[in-house]
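The primary structure of each chain is shown beneath.
There are 2 protein chains.
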Amino acid sequence: MRYMSLVVVASAVALTACGDRPAQTSSAADQTTAAASAPVLPSWNEGPTRQSIVDFVDRVTDPASPDYVTPSERIAVFDNDGNLWAEQPLYFQLLFALDRVRAMADDHPEWRETEPLRAIIEDDRGALASIGEHELVEIVMATHAGLTIDEFDAIVAEWLATATHPRFGVPFTELVYQPMLELLSYLRNNEFKTFIVSGGGMDMIRSFAERVYGIPPEQVVGSAGELEFALVEGVPTLTKTPGINFVDDKAGKPVGIRRFIGRRPILASGNSNGDLQMLQYTAPGDRVALGLILHHDDGEREWAYDRASHVGRLDAALEEAPERGWTVISMKNDWKKVFPSPELP
Amino acid sequence: MRYMSLVVVASAVALTACGDRPAQTSSAADQTTAAASAPVLPSWNEGPTRQSIVDFVDRVTDPASPDYVTPSERIAVFDNDGNLWAEQPLYFQLLFALDRVRAMADDHPEWRETEPLRAIIEDDRGALASIGEHELVEIVMATHAGLTIDEFDAIVAEWLATATHPRFGVPFTELVYQPMLELLSYLRNNEFKTFIVSGGGMDMIRSFAERVYGIPPEQVVGSAGELEFALVEGVPTLTKTPGINFVDDKAGKPVGIRRFIGRRPILASGNSNGDLQMLQYTAPGDRVALGLILHHDDGEREWAYDRASHVGRLDAALEEAPERGWTVISMKNDWKKVFPSPELP
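Protein sequences appear in the order of chains A and B. In this text, residue positions in the first sequence follow our numbering: the first is 1, and each later residue adds one. In this text, residue positions in the second sequence follow our numbering: the first is 346, and each later residue adds one.
It is worth saying that the hints were derived from the structure and are not from the lab. Incorrect hints may have been included.
Stated by the list, open to error - Quick partial rundown of chain B residues pointing at chain A, CB under 8 Å, derived from the structure: (1) Trp504; (2) Val577; (3) Val580; (4) Thr584; (5) Phe605; (6) Ser654.
Every residue, glycine too, gets a C-beta built ideally from N, C-alpha and C.
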């Protein structure tokens, strides 16, 4: 995920065609490999990508290997948007924030005088096209600040339970990647500790990460707003306040890893330029570590985008991959199945 | 630990009597309770304090109990200074920072022109008495900023391996509390996840917490300076920069808990006013939770201090304890042994 190039992104929500759910691809669901092979990464096609993962795990877990790593140091970090779940046509958190603006609009008549809130409420596509990063922060501030964490968590839970994706028509948590779920389990079965390190706000990710990814809240690192603690009529209360404490993106990701995890990972998995520094820090090429880049090259089952995309732009990290020895995952070629549901590709 | 009242604290380093190691108290080491009882909290005397801990753990771990808590929600948070290890005559991190000033003084002749650095270098007790919070930040900045995290970690490791405590003459990591080590183990044996939530800088705590407390770096929350990531001649490097990102003390502790852990604990253990808000947040009195306050009332084996102390001041939290139902631990009466070593009380 990459947050710097959101200039035109927010406007795209207005342009998103809804309900254009693609025809089911029947190629994936029933594929099984030879019965003899263990169910390790079953949704991954055999080939150099899958092999590089299995080889790495074997190397660091075999006590006889010169590259053996003790379990406590087997830290694996995963970007979230576009890496564990989809991020098109817009980061799902941004869709949430835009829904919040619309839901709250009646209580805030003054928003009709304030850009970009007016543009969102009135679905003014021309004005939305001029939304920049600063305006996005304004949207988040206007909709999140002042909420207690319990109120915020309840709103997020409600949204995740009811909102549906414009293309696939399913709840957003169904748009997680089956092969990545298998990779997370495979690593944990090999005594890795799996973390999310996301540019997105950590509160929303934590609300579903344990249920969906098997990753508990304390292993979710992300961007964070400021919080304030007070006794409100004697009740201890944490309230979101305006202000950003930390942006866990790009050069912020290694900082977040040091601050929240305190160990250097041996596996980093990302999909965009926002993950470049996390990949450099984890797998510079001269230590025992694995860097993974998910390349969205599957326009049929998911989306195909990289260098020219406003969401999840990928060029620098892709160019640096050969030099640093990172493994590039082709969604199209390396994955038998994209999403868990039999109803989805 | 409480950081707000450090006004006169730093000066005390010059006043500290060295080597006044107390006579060994022979009362503790050999006490064993009835052979029939399991080795749960063996260094704790039988009585209402110990019983309140055991009763709480039984309540939340018995699936038949109405207060049963699922293992993933069994989060326990511990203050560090004065709670897991000693904090007299000064916070050990402050002793470290003062040692750093002295060690670096020859390379920084300009420090002899700059208060409070000059006062520290020249052991000017009169000037040291005027050191306030702002000056303390200056000390940390001057000694830590510009170091890479690898350099900093190496300096901390060296200091912890070689520096000794002025009263007890042992490395600081020997001044951890044996009963608290047992409490940490007891909780983990009951599927609690144990965290440190300290006002101190998290980097130093992480350097010994796993070895000494069995708490891995990713479960240490603390105050944090700013960090910067860059490729230095191609090498990914994190460097400490001037600036404080987060002060994990007082009202900052519940914020740190939400930000780093993302769940509300069911057990909080502290020893000073700096822990008041963490205790309020965890154990307000109307939910299943245990609040523990360690009262330093053992001037013979350790130190006796509370309301009048500049280090670890304890008054508000002590006064609120009965109303909120917190358990106050008397070091003198509830602990058979203070430190792990047979050579120490």
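The hint names Ser654 (chain B) as touching chain A; please verify it with the least Cβ-Cβ distance against 8 Å. Result: violated, 24 Å to nearest chain A Cβ.
Does Thr584 (chain B) meet its interface restraint, that is, does its C-beta lie within less than 8 Å of any C-beta in chain A? Violated: closest Cβ of chain A sits about 10 Å from Thr584 (chain B), beyond 8 Å.
Can the hint on Val577 (chain B) be confirmed by a CB-to-CB distance to chain A that is less than 8 Å? Check failed: Cβ of Val577 (chain B) comes no nearer than 11 Å to chain A, outside 8 Å.
Min Cβ distance, Phe605 (chain B) to chain A: is it shorter than 8 Å? This hint holds: Phe605 (chain B) lies near chain A, its Cβ roughly 6 Å from the closest one there, short of 8 Å.
Restraint check, 8 Å cut-off on beta carbons, for Val580 (chain B) near chain A: holds (7 Å)
Hint Trp504 (chain B) vs chain A: min CB-CB distance below 8 Å? violated (18 Å)
The structure shown violates the earlier hints numbered 1, 2, 4 and 6.
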